[in-house]
Each structure stands twice: as structure tokens, then as C-alpha cells.
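Visitor: Taken in order, these protein sequences are the chains called A and B. Residue numbering for the first sequence is 8 to 127, as defined by my numbering. Residue numbering for the second sequence is 110 to 311, as defined by my numbering.
Quick caveat, the hints were computed from the structure, so don't treat them as lab data. Model, not experiment: these values are computed from the prediction. Ideal Cβ placement from N, Cα and C applies to all residues, glycine included. Treat each hint with caution, since some may be false.
[Claimed, not checked] One side only, chain A facing chain B, incomplete, derived with CB under 10 Å: (1) I104; (2) E105; (3) K111.
[Said to hold, decoys possible] No farther apart than 25 Å at their CA atoms in a straight line, the calculated lysine to any residue pairs in the SDA-like style are these: (4) A:K89 <-> B:R152; (5) A:K111 <-> B:Q203; (6) A:K111 <-> B:E202; (7) A:K21 <-> A:T94; (8) B:K254 <-> B:N217; (9) A:K113 <-> B:D155; (10) A:K113 <-> B:H264.
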Amino acid sequence: MSAPLTGELAQIGKSVVIKGDLSGSEDLYVDGQVEGSISLKTNSLTVGPNGQVKASVEAKGVVVQGKLEGNVAASDRVELRKSAVVTGDISTQRISIEEGAYLKGKIDIQGKAEAKTAQK
Amino acid sequence: MASVTQNFMKLFRGSSGGPEANSPAQASQKLTRRSSGLGELARTWDTEKSLCVLDLGSTSAPNIRHFTARGHRIYSEDLLTASTEPGLVTKDEQGNVVLDSRKFLADNLMYPAAHFDIVLCWNLPDYLDESLVRPVVGRLWSVMKPGGMLLAFFHTRDAGPDSPCYRFHIVGSDTLEMQRIVLRKEATLRISSAISPQSSSS
Chain A
8 MSAPLTGELA QIGKSVVIKG DLSGSEDLYV DGQVEGSISL KTNSLTVGPN GQVKASVEAK
68 GVVVQGKLEG NVAASDRVEL RKSAVVTGDI STQRISIEEG AYLKGKIDIQ GKAEAKTAQK
Chain B
110 MASVTQNFMK LFRGSSGGPE ANSPAQASQK LTRRSSGLGE LARTWDTEKS LCVLDLGSTS
170 APNIRHFTAR GHRIYSEDLL TASTEPGLVT KDEQGNVVLD SRKFLADNLM YPAAHFDIVL
230 CWNLPDYLDE SLVRPVVGRL WSVMKPGGML LAFFHTRDAG PDSPCYRFHI VGSDTLEMQR
290 IVLRKEATLR ISSAISPQSS SS
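Bound conformation, chain B alone (with noise of 0.2 Å):
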């Protein structure tokens, strides 16, 4: 997990980075992989009824209909997009770049005490500023139903910061397909100006 700045310098070689991250194709490109974690949690979406599932992935079409169609409830939440929002950095008593974690869970995952079965996190703490982490983690917690079940990708080892960031969709019992996430343009402007006022009036 690295810093404020390097965390959004991520997110934005996926949309602006230069011309080489920035090419539709690389955006457009899908890859598949298969996940036996996925297969897991596909066993219990596909034999119990009304299970309540929260995606906290980018919006996607294909798995808001894998879900509907099992009559299954789902919830999306795209947060590494909601911790993009401006208004949430700020400073900490050392003078460091960081994102205010409360103002963020005043907003963001705000619902009742477990009441989720399924938490598809993806690879979101991967990503997700260091400050947030812990306590996002916290609010899944409590917003899981007890043996409710949370799927989350890791790295094995540092990816380095040209790892690109993917949104999941599920296109089979354990398979996935990824695709690179391309940050909005207006929420790259609005994070860096709110990082370094300065830059953005250039």
C-alpha cells in the first residue's frame, strides 16, 4: 500500500497515464482467469435462496444479471471510484497527503448491521488508500451476516505501481473476466487539483 499521491497515479495510468495506458484497446482488453475462491461462493449462490450480496467492484452489467437472475438481492458500490472524491483529503498531524476515513464511511457502506451474505471485494484493498483500509475493513465486518462470506483477490508480492487496476465480471461458475479499469476523466481532474491546488491551474 503506498501513499495518497501514488495510490490516484495508479488509477489514472489506467485513463491518462500517457498514450501507451491510455489506448482504447488496452482499456477495452478482457482477460480471463479462474477462481476457485469464486467456485466456492458459486456453490452457495447457486443452491440457497435470497441471499443478499454486496459487489464492491466497479458497476457491472453482467454480474447485477448473474445475481437478478438467481433471485438473488444485489448491492453495488463501486468505492475505490468513491474514494476518488475530493473532499476527502486532507492532513495528518505530520503534514501527509491522506483521505479522511470518516467522512468516507459517513457516506460510503452505510447499511444495517449484518446484512449481507456475500461481499465480492475483489481486489480492492490492493488499491484502496492505506488510511481507508482498515477501516472499510471494519464496516464490512460489521455489515456481514455471521458465516457470511467475503471474496478478495491479493497480490503474492508487490506488484509495483504500473499494476493495473481491473473490474470483475462473472462469466462463469469460477471464471472471471477482467477488465482495465478507465478512471472518469472529471474525477482525475477534481483528485488532482484537491492533491496539488497548484498543478491544476497550469
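Just chain A, same shape as in the assembly (with noise of 0.2 Å):
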């Protein structure tokens, strides 16, 4: 089950480079590179199969295919697909992790009302 979309979607693709910090209130698909932070409190991060992020990164949902490194605070769940490759600590309410995936850090499984206070 993927993240839900929620209807407006901005695209990285995958010869693009950014550094930097990102914020926004749309969802978010990264097949390109990113260096920073990434913010996107009520909506959610795919990260392509050709996504290399760098980043702290704050989201309703995060969708993992490529590469993160960095800490992850998702609101609502966090999915690792099985070419996922993450390297970072992540909070969140619900994960699901497909065979073959790899993570290295640490998993905190929160409820509602502390997922909301970590987002703020």
C-alpha cells in the first residue's frame, strides 16, 4: 500500500541536483539528488528508485525505492520497498518494510498524539 497522495505532486527528476532545504504543501517525488532538509508536514515524500537523498526529513508519508540518509519524522507511516537503502533513525506511526530492503538506525513506533508533537 503506497503513502496517500493527496492530489498535487512536484516532481525531482532523476539528472536533477539540489542542495539545500525544501519545503512545501504538495507531495513530493525525488528520483534525482538532494542535500539538506526536506519539509513536507501534511503531505508525502516518494523517494524514486533513482532517488539519492541526503536529508532530514519531516512528512506525513515517506516512500522509500532509492537512497536516504538522515533522520526521518513521518507523521502517519514510512514504507521501505525491497531497493530501499536507508541509513537513519525514523519515527513514525506505522512502517512497512518489504524483504530485501536495508536499514540501518534506529525504530520508533509512535502514537498519534506523539507523532503530532514530534511534527511540531
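Please dock the two separately framed chains into a single complex, following the hints provided.
Guide: Below is the structure:
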């Protein structure tokens, strides 16, 4: 099951490299490289199969198919697909991990109230 | 324990050792086994609160669910996969291919001293390269709390180079589900080229 998309979707293609802080109020699909931080408090981030993200991430939902290095705080759910390589601590309400996904870090499953507090 | 090359070949058999070893059916095959050691640890995590657990096996969603549902903190660190990092390959004074244990410990198992109550080591020492076993055990000793517990399995006799490597899922208080590990294709290619650069170019 994928994190629900909210309608609008911004895409960063695989040839794009961004260094800095990203924030927004629409879903984001990253298939390129991002270094810095990503803040999408009420929306979802998807790291595509070619995506390489080195950033702290705050989002409602996070789906990883590529590489993600950094701590993840998701108020709803995190999905690690089989090709995911994630290094960093994950804090979320729900997590799903496909066989083959690689994760190095702490997993903190929070209740709804805790997750909302962490997002503030 | 064997040479670096032999150890990697063990892993490759799980993913690219030939049509038989590589069959999806074999890779997805799951076996169950009972473990009295697991049962012993289960009594601890079922009765104590807010334990800090380190799982050194392949990332396992059932294990994460198992511990987080009981209010424990779980850390996942797949050391076997981490040991296939090609940058670790070096040569000793005799020219033998070995893994750089200092570099390995600079990148892995970086935790405060006396941090973990329980470490799930599974059968990692039987599959980890010999040059890493002693340093890793030393680091585990330092990151475990006094009185902490470590679960490890060892082959009772030499299982031979074809012995498959498994990921372990906790499915009951003393029951494990074992699934053959399929190493990532890119990892096998990278480490092959690090061990023998000439063969990788063909």
C-alpha cells in the first residue's frame, strides 16, 4: 500500500541535483539527488528508484525505493520498498518494510499524539 | 571461518551462484525452527519494560513489529551486508585479501557504551569475515549493558561453503522463521570487482 497522495505532486527528475532546504505543501517525488532537509508536514515524500537523498525528512508519509541518508519523522507512515537503502533513525506511527530493504538505524513507533507533537 | 573471497562466495550463492541457487522459490522459501535461547530472551522482553534491542540481522519487519509492539526500542543494523562494502577490502602484510576492521568499526556499531539490553546476533559470526569477528565482538561487548544478553547461533560442525545464510524473523515466543538471504545484486557486483578488478571488467 502506498502513502496516500493528496493530489498535487512535485517531481525532481533523476538528472536534478538540489542542495538546500526543501519545504512545501504538496507531495514530492524525488528521483534525483537532494542534500539538506525536506519538510512536507502534511504531505508525502517518495524517493524514487534513482533517488539519492541526504537529508533530514519531515513528512506525513515517506516511501523509499532508492537511497535515503538522514533521520525521518513521519506523522503517518513509512514504507521501505525492496530496493530501499536507508541509513538513519525513523520515527513514525506505522512502518512497512519489504523483503530486501536495507535499514540501518533506530525505529521509533509513536502513537498518534506523540507523532503530532514530534512534527511541531 | 574462511577467506574474504570464500565468505563472499557464500553470500553470492544466495543470489547469483547459478540457476539452482538463484531460483526465486528457493530464495523465498521459509523454514521454521524452535530456539530455547530465544525462549529465554522472550521471558525478559515480555516482562521488562523499555528495553533497548539491537538486531544485527537482515532488516526484518516482523522483528521491528515484535519489539515496538511491546514498547521496546529497536535498532536495526545489517552487519553482513555492511561488510560487503568494497571500500573495506585491503591487503595484509602477506598480501592476503582482508577486510579493514578499523574502517568497518568507524562506520558501523557506533553507539554509546552500555547502550543495549539485548543484542540479536543470530549466526553472524559464522558468516562474517574472520578479520572482522574479533573486533565486532569486542565492540558488541562495549555497547551492551552489564547483564545484557546476546543471542547467537553457531553451526555445530563445519557446514561447508554451500551453507545458506538466513534472515531470522521472530514469529513466536520460541519460534523463528528463517528465510534465505538474497544479497543485493549491486553489492555482489561491487564487491566482486573490489576483490578481483580484472574479472569484473569482462
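Visitor: Indicate, hint by hint, whether the structure satisfies it.
Guide: Right, here's what the structure says about each hint:
1. I104: holds (4 Å)
2. E105: Constraint on E105 of chain A satisfied, holds at 8 Å.
3. K111: holds (5 Å)
4. A:K89 <-> B:R152: violated (32 Å)
5. A:K111 <-> B:Q203: Outside the cut-off at roughly 34 Å; violated.
6. A:K111 <-> B:E202: Answer violated: K111 of chain A to E202 of chain B is near 32 Å, above 25 Å.
7. A:K21 <-> A:T94: Within the cut-off at roughly 20 Å; holds.
8. B:K254 <-> B:N217: holds (18 Å)
9. A:K113 <-> B:D155: Holds. K113 of chain A to D155 of chain B sits at ~20 Å (cutoff 25 Å).
10. A:K113 <-> B:H264: Distance of about 29 Å is beyond 25 Å: violated.
Hint violations for this structure: numbers 4, 5, 6 and 10, all remaining hints satisfied.
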